[in-house]
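Using the hints provided, position chain A relative to the given structure of chain B.
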Amino acid sequence: MRQVPPIFKKEFRSYFVSPIAYIVISIFLIVTGWFFFSTFFLFNQASLRNFFALLPIIFAFVIPAVTMRLFSEELNVGTYEILLTLPVTFKEVVVGKFLAGVAFAAAMLLPTLAYPVTISFLGDLDWGPVIGGYVGALLLAASFTAIGLFSSSVTRNQIVAFIIGVAICFALVLIDKILFFLPTPLVGVLEYLGADSHFETISKGILDSRDMVYFLSVTFVGLYGTYLVMKEKS
Amino acid sequence: MIHVENLTKYFGNLCAVDQINLDIHQGEVLGLLGPNGAGKTTTLRMLTGFIRPTSGTIRVKEYNIEDHSLEIRKLLGYLPESAPLYYDMLVYDYLNYVADIREVEKKKKLPRIREMADLCGLGEVMHKPVAELSKGYKQRVGLAHAMMKDPEILIFDEPTSGLDPNQIVEIREIIRKIGKEKTVVLSTHILSEAEATCDRVVIINQGRIAADGALESLKQSASGDYSINLALSNAEMEAVKKELGAVSGIIAISPVEGDGDILRVRLSCRSSDDLRAPVYERIKKTNWVLLEFYQETQSLENIFQKLTRES
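Residue numbers (the working numbering), protein chains in the order written: chain B, 1 to 234; chain A, 1001 to 1311.
Source of the hints: derived by calculation from the structure; they are not laboratory data. For clarity, every value in this text was computed on a predicted model and none was experimentally measured.
Incomplete in silico selection of chain A near chain B, CB under 10 Å:
(1) PHE1050
(2) ILE1051
(3) ARG1052
(4) SER1069
(5) GLY1142
Keeping only pairs whose Cα atoms sit at most 20 Å apart, straight-line, the calculated SDA-like set for lysine to any residue is:
(6) LYS1074(A) x MET1(B)
(7) LYS1108(A) x ASP1150(A)
(8) LYS1074(A) x GLU1062(A)
(9) LYS1149(A) x GLN3(B)
(10) LYS1106(A) x VAL4(B)
(11) LYS9(B) x TYR1092(A)
(12) LYS233(B) x HIS1068(A)
(13) LYS231(B) x ARG1052(A)
(14) LYS1180(A) x GLN1026(A)
(15) LYS1182(A) x ASP1118(A)
(16) LYS1074(A) x PRO87(B)
The beta-carbon is built from N, C-alpha and C at its ideal position, and this holds for glycine as well.
Same shape as in the complex, but just chain B (with noise of 0.2 Å):
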């Protein structure tokens, strides 16, 4: 794992040489910010728990749009084969770009903190389930761009990484709520898959194991998919 350090310091900073970093922060500040305050004052608690609720709808977009370009690019371009003739192995190639993405999507969460701090001026803010939920948003965050990393490998368009990506986090998300029109068999199972429930016990402040468990196992299997498919392309 020594060639980690420069991949993941390569593909961070080409984040922010380009404009999409700046495109996509400002994006996810303005949707988050807009929908959780234009009904914050009608609630009149001074608490996260509206703005943490929106999360998994939002990564499910954003994050596969910071993802898409992480090997499509490199695919398209033609400098995948420069990477892998260097001596680097697989496992260090994924785990840099998959850092990588976990640290934008930190930076992009990073302004947020803005709202914990103003509000706790405004009101009495419980920090525990604020905690909770920066640490929910960024296993979150780990587990969209694991499958967003994965999308982006099997093609070397963008825009079907991004497709790919948005899908399998969008189901992920929605699963829970078409739950209601499925055989009663099936509905532990998919309930147990769905992103959203596990999210929302950890931003309540809940550190359930079970639910650190399918984030990290959601994450393993993106990860592990792209280290199959990057595999399958030598």
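Below, chain A without anything else, positioned relative to chain B:
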């Protein structure tokens, strides 16, 4: 140095490389020649470990590519065809990144990058984004990338394709400079390039080795008949045939399409002797006006066609 045995690669049903055996020695500059789609790039890609052979073995020094791909890649510097690069990076950042991945020591990194920049003439563009560079500069960045860790073996896939004549000369000079100490494998479909840079040439056709040896001996083995081209005015085809047909060594005299009253003739000559002097002597005796006189050397196409037809 590099030992290739029965190397075969199938893409689906298509056989790109078919049972290639090759030994590349230390300090050799080897040119892989062949037309498009002959399997040059596939062969090089397998040497670099980018794609896996269907069957056969590649050994670099004591390493086997199946088990020690990473060690082999540490010994190699590779410039892929048309030098793909990260477009949004600055040249300096890119070289810095390569130096990091190649594990150039921290202290030596900056001097090494500078050295590469000097060797490849990148001084002026170090702080430009790669996307803004011309084709020639991109190729040079690719060269600098390949040579960053001073590898023992360098592999270049069509290093001069798409460059203008000046740039071609520059790149060839760099390759010759490197070739004095390193083992270089390069692919090309331009004969003059192989002539200018390579010690040894391997001609590949349809995935198989059609010929292997020094360029001179290849030319000989192709029993290269060369031809002399003439442009004459005030001359008749019949007279030309009669007059020049007497020169021994000329196999055939054939007209080439002429314009107006200029007569163009091609004399096919046996490779063993130089017929330029006797031909000129003959022409001098007549009252023809000699407009053009040049010897056409064997093109790769000719050699290639001959070699593949014979095999």
